[in-house]
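Q: Next come the chains, spelled out residue by residue.
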Amino acid sequence: MEIFILILEIIGTVAFAISGAITAIKKRMDIFGICVLGLTTATGGGIIRDLILGITPPSTFRDPVYIIVAISTSVVTFLPFVRRYFEKKHTLLELLLLVSDSAGLGIFTVVGAKIAVDAGFGDNGFLVVFVAVLTGVGGGVMRDVFAGDRPYIFVKHVYASASIAGALVCFLLFYLVPALPEYVSMLVGFVVVMTIRFLAARFRLNLPRP
Amino acid sequence: MEIFILILEIIGTVAFAISGAITAIKKRMDIFGICVLGLTTATGGGIIRDLILGITPPSTFRDPVYIIVAISTSVVTFLPFVRRYFEKKHTLLELLLLVSDSAGLGIFTVVGAKIAVDAGFGDNGFLVVFVAVLTGVGGGVMRDVFAGDRPYIFVKHVYASASIAGALVCFLLFYLVPALPEYVSMLVGFVVVMTIRFLAARFRLNLPRP
Amino acid sequence: MEIFILILEIIGTVAFAISGAITAIKKRMDIFGICVLGLTTATGGGIIRDLILGITPPSTFRDPVYIIVAISTSVVTFLPFVRRYFEKKHTLLELLLLVSDSAGLGIFTVVGAKIAVDAGFGDNGFLVVFVAVLTGVGGGVMRDVFAGDRPYIFVKHVYASASIAGALVCFLLFYLVPALPEYVSMLVGFVVVMTIRFLAARFRLNLPRP
Chain S
81 MEIFILILEI
91 IGTVAFAISG
101 AITAIKKRMD
111 IFGICVLGLT
121 TATGGGIIRD
131 LILGITPPST
141 FRDPVYIIVA
151 ISTSVVTFLP
161 FVRRYFEKKH
171 TLLELLLLVS
181 DSAGLGIFTV
191 VGAKIAVDAG
201 FGDNGFLVVF
211 VAVLTGVGGG
221 VMRDVFAGDR
231 PYIFVKHVYA
241 SASIAGALVC
251 FLLFYLVPAL
261 PEYVSMLVGF
271 VVVMTIRFLA
281 ARFRLNLPRP
Chain G
81 MEIFILILEI
91 IGTVAFAISG
101 AITAIKKRMD
111 IFGICVLGLT
121 TATGGGIIRD
131 LILGITPPST
141 FRDPVYIIVA
151 ISTSVVTFLP
161 FVRRYFEKKH
171 TLLELLLLVS
181 DSAGLGIFTV
191 VGAKIAVDAG
201 FGDNGFLVVF
211 VAVLTGVGGG
221 VMRDVFAGDR
231 PYIFVKHVYA
241 SASIAGALVC
251 FLLFYLVPAL
261 PEYVSMLVGF
271 VVVMTIRFLA
281 ARFRLNLPRP
Chain A
81 MEIFILILEI
91 IGTVAFAISG
101 AITAIKKRMD
111 IFGICVLGLT
121 TATGGGIIRD
131 LILGITPPST
141 FRDPVYIIVA
151 ISTSVVTFLP
161 FVRRYFEKKH
171 TLLELLLLVS
181 DSAGLGIFTV
191 VGAKIAVDAG
201 FGDNGFLVVF
211 VAVLTGVGGG
221 VMRDVFAGDR
231 PYIFVKHVYA
241 SASIAGALVC
251 FLLFYLVPAL
261 PEYVSMLVGF
271 VVVMTIRFLA
281 ARFRLNLPRP
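Chains as they are written, first to last, in the numbering used here: chain S, 81 to 290; chain G, 81 to 290; chain A, 81 to 290.
One or more hints might be untrue.
Pairs involving identical chains hold if they fit within one copy or between any two copies, as the list cannot separate such chains.
[To be verified] Here are the simulated DSBU-like cross-link-like pairs (lysine-lysine), alpha carbons at most 35 Å apart as the crow flies:
hint, residue 1, residue 2
1, Lys106, Lys168
2, Lys169, Lys107
3, Lys107, Lys168
Derived from the structure by calculation, the hints contain no laboratory data.
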């Protein structure tokens, strides 16, 4: 189970680091800014989660694997031939940004739910879902604030709704079907997040606006 | 006493949720952005307070009442006929924004002071006042950062001064007049905050500026 | 040793308060905004550091000396004849901003390393360096976010690199040369930060950018 979570977290870290690094490249930051923004996006959600749950120092600070993965990913994203490739294929870049951001959102949401349950709050569904959503969206909010954009969560598509739905499904499966292995519940929650985000992007779904 | 604090916190949550939701509507966010900004404004100060005092998970995460109140308030603020009513009465809208923001500031300031004292720091007036002010202004700062505005606290009127004065009065009454019931001290502190803010707005008081 | 750290922290607080206050003056904030931004810049890094390490309430909240120093410094920076003097000497102002920001960065970096070691994480070099850098850059990032600028760390010169190099040197001396008095290791780390920042500013060193 620990291995499973570690693998999930590493994929999520890669995904969010890509989305942070691409945002930084768009803003014409230098290589250091790109690494810092990639790192912030990839680790921000988990740090907030651990502070909320009282897990100090947060796991990001105890195990260098997350920071190494986040920075390596940012550097690769920066490499000239990688960038040049995507500059030609603009649609592909936008797709990559959507996929990486959605995958990061989905993974950190379900990992957040699992860690909240492990921290002993499994009977407080409200807390589990709240912490899960904050883990999922936290890194992206920090990315947008630091890049000087209005956070994505406030302006685009059904972003937080996807995270809430995934967290809720994941928690309900944990709680109501304890016989189900936890990784199955987490995968289902992840699929819910991805599906909602893709449907929203595909059909340009938006929520009512004044 | 607990009931008294709960009622105060709910009024403060409503007030700050209104101010967050109106800000979001002005920025043309969708219904989800409105709820998220209302929620952030209403709960941000209390979350920062609890993290500072080492109370984890923060109370906002343990009891769903705050999030339910904040989101319901945001949704009501969004309702077409409510918005249309205020669009016609622009002065009334500005007044509502001033009143809700001031009430939230006053309530969260005195509740912050009380919770810092309850957490065992009643003999450190400096800490009590600092935590109280951070509780009062924290939600509004997060609202403005997320909305892409320069935080209100840095640019307008005697905002933080009102919170500091109220926190100081509240703490001094706690400390010097222990015979006084705590809710009286809190009400006096609240009135101090409201009075200073209204006088400042009424007489366009401003502090010296280079 | 405690006296040494206290003196260092006070110098760092003065330096960062100056950089925060000058930023606020440039943005035409009023005297309160200037004090709040000076205070935020001076105390932000230390508060983040203590929350990460699980030291609650953070030391800034327990001892009023930091807040008194930060606010006094901000007020002095605001004084008309001080401002008028620097308005005439624009190069001197920019130099002062560079020196104060670099000194704050260097001091908070090495103090952050020392406090992480004292908190019992002396065998986890990764954590020590990470916490040290966050302590060094945290206040400046908060200053820039609140002032509505893109954080300095993302756009200018080798800012975070200087902090990382200083933190690394400081930690390696702590770890590999335990015979060396800790204040010597800290001074060496501080000199590394200052040297890198000044060389970068002098030779307009920049990192590659897409």
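Q: Each hint needs a verdict: does it hold in this structure or not?
A: Each hint tested on the structure:
Proximity of Lys106 and Lys168 under a CA criterion of 35 Å is satisfied intra-copy only: 14 Å inside one chain copy versus 38 Å between copies. Proximity of Lys169 to Lys107 under the C-alpha cut-off of 35 Å is found in both arrangements, the shortest distances being 18 Å within a copy and 33 Å between copies. Taking the shortest alpha-carbon separations for Lys107 and Lys168, both the intra-copy value of 18 Å and the inter-copy value of 34 Å come in at or below 35 Å.
No hint from the list above goes unmet by this structure.
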